[in-house]
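**Q** According to numbering that gives the first Met the number 0, numbering within the sequence shown proceeds without interruption in unit steps and concludes at 269.
Be aware that a few hints might be false.
[As the list claims (entries may be wrong)] Below are the DSS-like pairs computed for lysine-lysine, each with C-alpha atoms no more than 25 Å apart in a straight line: (1) LYS140 <-> LYS108; (2) LYS61 <-> LYS140; (3) LYS152 <-> LYS61; (4) LYS61 <-> LYS108; (5) LYS61 <-> LYS235; (6) LYS152 <-> LYS235.
[Stated by the list, open to error] Estimated spans, in silico, between C-beta atoms of each pair: (7) GLN56 <-> VAL263: 13 to 23 Å; (8) THR206 <-> ILE243: 15 to 25 Å; (9) ALA249 <-> PRO216: 16 to 26 Å; (10) SER259 <-> ASN109: 24 to 34 Å; (11) ASN176 <-> GLN254: 40 to 50 Å; (12) GLN56 <-> SER161: 24 to 34 Å; (13) PRO216 <-> GLN254: 17 to 27 Å.
Calculated from the structure, these hints are not laboratory results. Using N, Cα and C, we set each Cβ at its ideal position, and we do this for glycine too.
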Amino acid sequence: MKKSTQNWLIAGFLVLLLVAGYFIVAKPDVGGVIDLNDILKTNTTEEQTSEPTVAVQDISAKVNADASVAVTFAVVASEGAEVQNVSVYYALNVADPNNATYTAIQAIKNNGTYTATIPASFGDVVYYYIEVNYLANNETKTYKSDVYSLTVKDTYAPTLSSVSIDYNATAQIFEINFNATDNDAIAEYIIYYADLGTNTTIDNTTTFTIVNSTTIPVTLSNITEDNYYAFWFEVKDLSGNTVILFNETAPFVLQANASSTWPVVVSESG
């Protein structure tokens, strides 16, 4: 084949390519041509809808004076979630809280806060979790919180209303009684006293003797007639919480005198 003939064939092939390119780019309505709009549509962002949910916030637990535990919390529901029921499940002193049997208590709502009171005793370990049943997309669903634990400790001090001091001159004793109460139990009655002799006030040399007792009344022996005595008192419960009546810098002072009126009842108010 002559060289001139080859050149004509190449030129003709290039012309055919140009014509084909024209129809592909400039004539998108021709059948079999790829529509770029279809490709671009795949990059558009489709609208996504979130699943309605609930959550529990601001969880706190407080030990009451009777050893019960008040659990308080808030339930937050997203749009589309309707709260149906809220319960607190609890178990006491279990070895494995993840495999224990829990008892349900209905939580009560007041001003947006839920509360459930768990019955317990001092020294118990309370395990609890919160369960919320709610409606979402016409389906009943359940939210369950983590399991929390709390050791029930008594933090309430005893009440010491007054102390009664009786004097027996013949036996040379003071008999002291306490008017005291506690939400759990009183473990110890403590008397601090000092013989002041003829002095009516304490000074920096005054030393108090301590008498502890688990029962009342408490008897103090070897009391000297006409001497003055300074007192202050303390009551301690089983958990170590204490209350005092008077103190070592401002004690109650009285005279052991047979002619006085006995018993003498003293309180902080007079």
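**Q** Look at each hint and say if it fits the structure.
**A** Against the structure, the hints:
Only pairs whose Cα atoms come within 25 Å are accepted, and LYS140 paired with LYS108 is accepted, the gap being roughly 20 Å. Between LYS61 and LYS140 the alpha-carbon distance is near 29 Å, which puts this suggested pair outside the 25 Å criterion. Proposed proximity of LYS152 and LYS61 is supported: the alpha carbons are some 10 Å apart, at most 25 Å. For the given pair, LYS61 sits about 17 Å from LYS108 by alpha-carbon distance, which is consistent with the 25 Å threshold.
For the proposed pair LYS61 and LYS235, the alpha carbon gap of about 22 Å is at most 25 Å, so the pair holds. Between LYS152 and LYS235 the alpha-carbon distance is near 15 Å, which keeps this suggested pair within the 25 Å criterion. A hinted range of 13 to 23 Å for the beta carbons of GLN56 and VAL263 is inconsistent with their spacing of about 56 Å. The hint said 15 to 25 Å for the Cβ distance between THR206 and ILE243, and at roughly 18 Å that hint holds.
A C-beta distance of roughly 24 Å is found between ALA249 and PRO216, which places it inside the suggested range of 16 to 26 Å. A C-beta distance of roughly 56 Å is found between SER259 and ASN109, which places it outside the suggested range of 24 to 34 Å. Between ASN176 and GLN254 the beta carbon distance is about 19 Å. The supplied range of 40 to 50 Å is therefore violated. A hinted range of 24 to 34 Å is violated for the C-beta pair GLN56 and SER161, which are about 46 Å apart.
Against the hinted window of 17 to 27 Å, the Cβ-Cβ separation of PRO216 and GLN254 comes to about 20 Å, which satisfies the hint.
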